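Two chains, two separate frames, one set of hints: put the complex together.
Respectively, the protein sequence lines represent chains U and R.
Heads up, the first sequence is in the working numbering, so the first residue is 27 and it goes up one at a time.
Heads up, the second sequence is in the working numbering, so the first residue is 32 and it goes up one at a time.
Treat the hints as calculated values from the structure; they're not laboratory data.
Quick caveat, the model's predicted, so the values are computed rather than measured.
One should not assume that every hint holds.
[Unchecked claim] Here are the computed distance ranges between Cβ atoms for each label pair:
1) U/Val206 x R/Glu73: 25 to 33 angstroms
2) R/Pro245 x U/Asp250: 38 to 46 angstroms
3) R/Tyr88 x U/Gly271: 24 to 32 angstroms
4) R/Ile112 x U/Asp291: 31 to 39 angstroms
5) R/Ala328 x U/Leu301: 51 to 59 angstroms
6) U/Thr359 x R/Asp368: 50 to 58 angstroms
7) U/Lys360 x R/Ala328: 21 to 29 angstroms
8) U/Gly271 x R/Phe180: 36 to 44 angstroms
9) R/Ile112 x U/Asp250: 35 to 43 angstroms
10) R/Arg74 x U/Glu365: 40 to 48 angstroms
11) R/Tyr88 x U/Glu69: 52 to 60 angstroms
12) U/Ser158 x R/Gln279: 53 to 61 angstroms
13) U/Asp250 x R/Pro348: 55 to 63 angstroms
We put the CB at the ideal spot given by N, CA and C, even for glycine.
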Amino acid sequence: MRRTVATKVEPDAATAGRPLPDDRLKEILYFLKLARYFDERMEALYRQGRLPGAIYSGRGQEGTHVGVAYALEPEDSLFPTHRDLTAQLTKGLELKRVMAQFWGRIDGYLRGRDGNSHIGDWYGHRTYAVMSHLPIAYPVACGAALAYQRAGTGHVALAICGDGATSNGRWHEALNTSSVFRLPVVWVVNNNQFAYSTPNAKEFAVPTIAERGAAYGIPGVRVDGTDVLEVYRVAREAVERARRGDGPTLIEAVSLRWRGHAGHDPAKYVPRELLEHYMLSKDPVKNFEQYLKDQGVVTEEDVTDIQARVEREFEEGHEYALASPFPEPGDVTKGWWVEDGYWVGEPGRAGGTEAS
Amino acid sequence: MATQQVEAGAAGHGAEPRGKRGEDGQATYLIAIAEALWEEMERDERVFMLGEDIGVYGGAFKVTEGFIDRFGPERVMDTPIAEETIVGMSVGAAMEGLRPVAEFQYADFMSSGFDEITTVLSRYHYRAGVPLPVVLRGPSGGGVRASSFHSINPEPWYAYAGGIKIMCPAFPSDAKGLLKSAIRDDNPSMFLEHKWIYRRIKEQVSEDPEFLVPIGSADVKREGSDVSIITYGAMVHKALEASEALAQRGVSAEIVDLRTVYPLDEETILRSIEKTSRALVLYESYRFLGIGTEVAAVIAEKAFEHLDAPVVRLAPPNVPVPFSPPLEDAFLPQIADIEAAVDRLAGW
Numbered sequence: 027m028r029r030t031v032a033t034k035v036e037p038d039a040a041t042a043g044r045p046l047p048d049d050r051l052k053e054i055l056y057f058l059k060l061a062r063y064f065d066e067r068m069e070a071l072y073r074q075g076r077l078p079g080a081i082y083s084g085r086g087q088e089g090t091h092v093g094v095a096y097a098l099e100p101e102d103s104l105f106p107t108h109r110d111l112t113a114q115l116t117k118g119l120e121l122k123r124v125m126a127q128f129w130g131r132i133d134g135y136l137r138g139r140d141g142n143s144h145i146g147d148w149y150g151h152r153t154y155a156v157m158s159h160l161p162i163a164y165p166v167a168c169g170a171a172l173a174y175q176r177a178g179t180g181h182v183a184l185a186i187c188g189d190g191a192t193s194n195g196r197w198h199e200a201l202n203t204s205s206v207f208r209l210p211v212v213w214v215v216n217n218n219q220f221a222y223s224t225p226n227a228k229e230f231a232v233p234t235i236a237e238r239g240a241a242y243g244i245p246g247v248r249v250d251g252t253d254v255l256e257v258y259r260v261a262r263e264a265v266e267r268a269r270r271g272d273g274p275t276l277i278e279a280v281s282l283r284w285r286g287h288a289g290h291d292p293a294k295y296v297p298r299e300l301l302e303h304y305m306l307s308k309d310p311v312k313n314f315e316q317y318l319k320d321q322g323v324v325t326e327e328d329v330t331d332i333q334a335r336v337e338r339e340f341e342e343g344h345e346y347a348l349a350s351p352f353p354e355p356g357d358v359t360k361g362w363w364v365e366d367g368y369w370v371g372e373p374g375r376a377g378g379t380e381a382s
Numbered sequence: 032m033a034t035q036q037v038e039a040g041a042a043g044h045g046a047e048p049r050g051k052r053g054e055d056g057q058a059t060y061l062i063a064i065a066e067a068l069w070e071e072m073e074r075d076e077r078v079f080m081l082g083e084d085i086g087v088y089g090g091a092f093k094v095t096e097g098f099i100d101r102f103g104p105e106r107v108m109d110t111p112i113a114e115e116t117i118v119g120m121s122v123g124a125a126m127e128g129l130r131p132v133a134e135f136q137y138a139d140f141m142s143s144g145f146d147e148i149t150t151v152l153s154r155y156h157y158r159a160g161v162p163l164p165v166v167l168r169g170p171s172g173g174g175v176r177a178s179s180f181h182s183i184n185p186e187p188w189y190a191y192a193g194g195i196k197i198m199c200p201a202f203p204s205d206a207k208g209l210l211k212s213a214i215r216d217d218n219p220s221m222f223l224e225h226k227w228i229y230r231r232i233k234e235q236v237s238e239d240p241e242f243l244v245p246i247g248s249a250d251v252k253r254e255g256s257d258v259s260i261i262t263y264g265a266m267v268h269k270a271l272e273a274s275e276a277l278a279q280r281g282v283s284a285e286i287v288d289l290r291t292v293y294p295l296d297e298e299t300i301l302r303s304i305e306k307t308s309r310a311l312v313l314y315e316s317y318r319f320l321g322i323g324t325e326v327a328a329v330i331a332e333k334a335f336e337h338l339d340a341p342v343v344r345l346a347p348p349n350v351p352v353p354f355s356p357p358l359e360d361a362f363l364p365q366i367a368d369i370e371a372a373v374d375r376l377a378g379w
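Excised from the complex, chain R in its bound form (with noise of 0.2 angstroms):
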């Protein structure tokens, strides 16, 4: 992969390199997703931006630093800590006719705003047939030491609301390319930014104003015969990692990145297990009823005969995100944990 790490500080709040590209062209996610939001602003006049502390501030993690001198306080709107009102709100204006992309300081604050979110927002256009071009972006995940409040993966409570569009890329490239989709489509939609990759992953990303990347499309990140692991955000990069080490010992591991885990892109995991016929799921939300429940039901339900082996679901226990080293690592699938699920799954 073209891809790279680079460090970051603590809950991702790095120092530099933050608000522009490397000398190498390179863009680190949070550069990516800063420019998406730069280029649809720049396009549509009708795209505005609310949260707290986004403004004059620049975002509890910068990634819209720099906007209100560019676009102005109308547009780069600092709002009081409200959740209620700022997705209520951005439900409003949508339906006169502008375009909101509402920031939360963490994904972890959506709850405070749930209501808005899963009764008006989700089901609004079904019910009434007004369509509510909204975009609710905010850091999700852990592994970053932020512990309960600040390492959610909420994307499930959500997805089980319906009627909202949600995406949780890994790359820089995805990263730009679903958010510049998601300003533009009709529909609600859910962005979440993994705090673990803001400022750890960089790569080339296209600079074209119409480069986008289609929501509800899954991508193989890497090519594999063996064991196929469908998952996305984070968990994307420690796959990769243990897929080098499984290949060292003639494993070979598919790597499917779902990018949107709602809707779910069906077609892309099932032709990764009819190729495999062993299917690992890997994912950062709760192992109960997380993402990765509904992708083992659907492997279940529509490749039994392609399957040579059980499904097998790694993800974190229903427990809050711990904060401690130790608790968090057990907490969080480890590279390790990986390798062996997909040795397990080899041997059948």
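Isolated chain U, as found in the complex (with noise of 0.2 angstroms):
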């Protein structure tokens, strides 16, 4: 079953000079709001011992995960990362379902084979489950898009990376290939500088990775990661290149990893003054209000009623989770093969398979 693409309205349509529509920005400003809250909360759950698993902190990060994921329709895939789980909030995933899937729920996407942010929900929203060895997903999109390119239906893929996955063979293969064959995928490299403890400097010797993608044909772009409208704009374009069939181009979104690689992290490896100047002064969320205070486009009274239903939504996400059931122990087997029907009838599964 195929969705039509939804009509959004374009970055020219602007009003005052911004570029999009105030309910747009509002809504990117209620993304952000989400994502640092829900960060904020999950790490606190998981320190008092009240959360299973793991999780990977985004924060500082999100004006790339909300700009990127924005950029894109219904029908466009993203290939995202165990760290931008908010670029999958932004492309619409549920977030009491998120939840269920942090508790080990069956309600949760992936009914418990999966936890925390390796998640996905490709039928209903065309997000690919996470996986850990990055760029695992690259060489995935592009054969997403090989068949839009075959179809001809202009629908993009957009995968992401971190910067220290562009260490890894895979991601020269997938821009190679994407390059050679002029795929329709917009490559995204969050460079938050730092892989788990290991800087830029020890991953490349190269200034930029954005410059990397001349090795390739491919046009690299090096914008601010923090600044979520900038990132969007860059998105744009790239997604909009690929969907007329002008081929791949490469993003570079610098910002820094305010938390660990995951829980356990304390990140004593990033320099102080660096996280400083970062939380000071390139905090995207606050950034982003400040903006749209200073157009008029939000009042004290709209944030404050954002956040009010971003607390709620969250709550409401917990409640769910917590009461949703576990897997059964005797379905641990199933869905290993198609026959297994294991997931028939899960809501949005319908339809890329012979059997349907």
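The following block contains the structure:
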């Protein structure tokens, strides 16, 4: 079953010199605030021992995560990572089902088969279920893009990885292959300056990641990843370029990871001055909120309302997750093969196979 | 058996016949595979092939010769030498409704795409419920003096990953029918074509476009009463030859050809053991943790009360496939080894 591409207002349909209509700008602020609140609350629950498994904070990088996902249409596909759960929320995943996944419940998108932000909802929202071996999804994005190109759908695949993943051979394979076949794909590197503990200087010997695009005949763009509108603008251009059939674009979005690689990591390897600089001057959420206030798009009351909505949704999601049943232990081997029928009947699972 | 051996060059790169059947209507294993691909490409336009040198050149072993003229470069897609991307791209295309068939020049090079095979292709449906109708195919196996990097039997590595159906046919008809089934299956599959067999074995093969061989089904290639030889791939032909000599000595060997090594057809294996009470597990993957290790375990666990003798395994040692002819011959189970093992079993 294929949905029609929803009509979104183009960036040039601006109001008062702003790149998007006011309601869309408010929506972006909602996603940024949702990301920040979710991230902080989940970390607290993790530290209290009330959340099983792992967490991977995306704090400080919300501008990149929201900005790139907001540039996609519903039928465009997103190949995300563990760190950019917010990109999937922006693509439309329901918070309560995301939270059910964190608690290993049957109502999670992956029915307890995987946990935390290793999530995806292919049939519902065209997001690929995250795998850890980054950039393992880059070659897969090539394949989705190939299918769009063959069918002439005009859809685009957008894949994200971190700075560290650019050292892996698959990153280079995928960029090269996408350029050779001029595939409708957008490559996003969320350069948060540290791959676990390893800084950029120990990952690559060129000044920027963006310039590596030249090696593959791909335009590379470096953007301030903490500026959500700038990320959106660059990503939107890249998406439209791919949609026109002009091939892939490489986007390097620079920010800083405020927290450790995962919940257990205090990230003492990040220089204090650098962290303070980013937290004080480059907070993607605060800066965008201030911009909207300065522009008269939102009032203090609007911001309070958005924050209240975010907190309410989090509490509802938490309650939903804890009330959702665990998967049946007897189902542990089901779904290994398609003919098991385990996934049949899952909401939004129709389509895509011979059987259907 | 209605099969015969034909001449072939080193590494299986024989000259003729290829591309079409002989005047007697018989098809080699290689031609049977090409027919399966051709028929499924004709049947379903979602099926396409990708790989290195498969289009203009027609593939390292010429399996896909002439395909690009009929189906065009989009459906017979020459790719860069990037195996992780060949596999990953197959996954992504399958997620969007296409049915990719990826060729590897040698099954050895599947390991260059190992992570996309074992982490993505094998696990994605279990984790996320998205079927991946992807076929990975390539020539495997030794005995053609192709040494370490062109002779591997990689099936245990990928069987261990799970989630990928793995076929290792020994005969042209089985190869054709299984490959067609694999292309139509909604699960990932790996189709390993033994290069020693490519141009050596031919037989009458069905021309019915709906001729299919079920995946996961073993086949008794020779009925016998004294000893069961459980085997697959090129070793089936070695076992058949050995069984002729054994029959002359009054030893009756039954040969079970697994055809699919994962999932295993335990029922057919156990039925044979119930009949003969003695098992020789003969396989070309490594002895330690090879496919036969699992077969032996299944027999020990589920047919203990039927056994008159310990299960015997005959397989290569866990060393790289060596080049020098005396070394490779020592590495691979030989007909004399099979006869000796069966004689020992029959003596119990």
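Run the structure past the numbered hints and jot down the numbers of the failing ones, going up. 2, 6 and 10
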